[in-house]
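Each chain, written out:
Protein chains: 2
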Amino acid sequence: MSGYNVAIVGASGAVGTKMREMLEESSLPIKGIKFLASKRSAGNKVTFKGETYIIEELTAEAFLGMDMALFSAGGSISQRFAQEAVDRGCVVIDNTSAFRMTQGVPLVVPEVNPQALTAHQGIIANPNCSTIQMMVALEPIRQAYGLERIIVSTYQAVSGAGVLAINELKDQAREMLQGEEEVEASILPCAGDKKHYPLAFNALAQIDVFGAEGYTEEEWKMINETKKIMSDDTLKVSATCVRVPVLSGHSESVYIDIKEDNVSVQDLKDLLEKAPGVVLEDNPEEQLYPQPLTAVGEKEVFVGRIRRDVDKSNGFHLWVVSDNLLKGAAWNSVQIAESLHEMNLVRVPQVGEQS
Amino acid sequence: MSGYNVAIVGASGAVGTKMREMLEESSLPIKGIKFLASKRSAGNKVTFKGETYIIEELTAEAFLGMDMALFSAGGSISQRFAQEAVDRGCVVIDNTSAFRMTQGVPLVVPEVNPQALTAHQGIIANPNCSTIQMMVALEPIRQAYGLERIIVSTYQAVSGAGVLAINELKDQAREMLQGEEEVEASILPCAGDKKHYPLAFNALAQIDVFGAEGYTEEEWKMINETKKIMSDDTLKVSATCVRVPVLSGHSESVYIDIKEDNVSVQDLKDLLEKAPGVVLEDNPEEQLYPQPLTAVGEKEVFVGRIRRDVDKSNGFHLWVVSDNLLKGAAWNSVQIAESLHEMNLVRVPQVGEQS
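Order-wise, the sequence lines are chains A and B.
Going by full-length UniProt numbering, the letters in the first sequence line up with residues 1 to 355, in that order.
Going by full-length UniProt numbering, the letters in the second sequence line up with residues 1 to 355, in that order.
These are computed hints drawn from the structure, not numbers from a lab.
Among the hints, a few may not be true.
Copies of the same chain look alike in the list, so a pair counts if it fits in one copy or across any two.
As the list claims (entries may be wrong) - Lysine-lysine pairs mimicking DSSO-like chemistry, simulated, CA-CA at most 27 Å apart: (1) Lys195 x Lys269; (2) Lys299 x Lys195; (3) Lys227 x Lys299; (4) Lys269 x Lys194; (5) Lys236 x Lys312; (6) Lys312 x Lys194.
Taking the hints into account, I'd like the entire structure generated from these sequences.
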């Protein structure tokens, strides 16, 4: 039977679970599949296309005979095992931030820069969830009219922080609805950071730890990954990343300056209506605009509230929403696998081989 | 006994309740107080400084003998009764949008433009909640360095939409936490509009009805009121207003271009640290930044996450949070009353009298 042997690393996590679902729906020819996770989750059962599988413990040897591995078990796991997998002939699609900015590692949104895949050396990085959905919405505009500047403020869901964070938000919300004034927080805004704050009925202007110049690492990811994906170091990008009490579905208030003049809101709507991976939801008269609650479970990026800036004729505002676990993570990873297959790139180049 | 006779119109509402509390804490000399509301709420009891009062039905005659009235019972009530009150010698501080853009009606944030009060003809307008907190944060910067442009994305709490909307959000959240997938919505995003969507675990990019050019009326309020309060028609302002599942406390991601060059983040921090009505909460190392949950119940405007734009040396980002029922509504109204008292302006000018 032809097809690929595929491994999912981090199979029991929020994204790993969605990777499994997306692979079930994918047309990618799969010969065999393997679910890998930490020792703690090994032994648990999952189903795939009606068959039951036992989650195996992640080891370097587990990648022997695998053609592709989708990693989503945290940056340190990718740092430790991605190259081990590649060394065993397995192409890695990594959903963590471990290699995204590494030179030579393609950072790919298939609707935007599939051609970057041709240069892969074994590892392909899946961009940050917030970045991906913005790229899908903005690339058609960049191609048609040029893009000068992006200022984005995000409204990010908790599911990007994992299953424990989802449960923490739900527990906090339950307690606050019962009248508790002080609720516990031990994970959010960032599991590895010193202080933790409740997210229920709150908004936290911190995602990931703080980095240079007062920006968080999440904000730097949006800034740097955007430039890499769009292959444009001159593109101006700034970001404010905020966690809101939404379970799944990231929303973004995106302001852009485009290079061309005399572009109308209708031009942008016409463009986005036929753009790959985009669903235009923009009709103020019918109160139609994207919402995280209606975007959840969908693979597309939803765009609406397109308006010209009041004071700048080449400035526009957009409201961009997508399921952060799907297009923002699992679905984009599976799309990369599909693209690798279609482009005949599911192989690890030999040392010294020119790609 | 010296002092004023004060009426609260809309005494049983979310803002009216806070107006009562703020007046209790205020140093304004109050001789007598009267609580007015619709026929439906008339007869209910409220306490003020330990005394019990019965809410009276709102009529034009109720303003006879009153010196000041704080209105917060919706725009149509203000349209119908504000001038009636003025005609009976009562100065009106109106928290609705009814007269905000009316020429000759001062639109006042006491930290920003108290001098506008001197021209009042009986009615003074309290600005929109989202506008007020942004003005308090930006006016010191405008005065010191000049302000060229504002781009704001809001994260607004439900309490601005009233008591029924608060209850709707709580009910939806409870049901969703119990596993309900479809929850009812009959108020939000906008009571008077055709369609209603759940806010629990969602983000709704609509506050108020849609107006010109695809902007909502809430967005137009922020744009137009900002220019009026800052007395600058050339100031560039654009807004995206979003409701998030927060009970009280509006947050804003504010981007500004200032006129002066060579201003540092530290300059802005130093300025805001001593600005009236502002509390600087800005220390990334200590994960200190404003949060709606900690701003609730406080009268100040909290500012943090101050960063220079990555690509524009005179561009800065700020995160501005305040209790929308207090500084955004009740407290600002009471501050206007205090200013009128201090400036000896608690009187309705006679017809033809120059102010």
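- Between the shortest in-copy and the shortest cross-copy C-alpha distance, which are at most 27 Å for Lys312 and Lys194: within, between, both, or neither? neither (42 Å within a copy, 32 Å between copies)
- Tell me, please, which holds for Lys269 and Lys194 at an alpha-carbon limit of 27 Å: within, between, both or neither? between (44 Å within a copy, 24 Å between copies)
- Message: If the cut is 27 Å between Cα atoms, do Lys299 and Lys195 qualify within a copy, between copies, both or neither?
- Response: between (34 Å within a copy, 25 Å between copies)
- Item | Homomeric proximity label, Lys195 with Lys269: Cα distance no greater than 27 Å | So Lys195 and Lys269 pass the 27 Å test across copies only (23 Å; inside, 43 Å).
- Intra- versus inter-copy proximity for Lys299 and Lys227 (alpha-carbon distance at most 27 Å): Within one copy, since 24 Å is at most 27 Å while 41 Å is not.
- Within a copy, between copies, both or neither: where do Lys236 and Lys312 come within 27 Å Cα-Cα? both (16 Å within a copy, 9 Å between copies)
Violation of the numbered hints given earlier is confined to hint 6; every other hint is satisfied by the structure.
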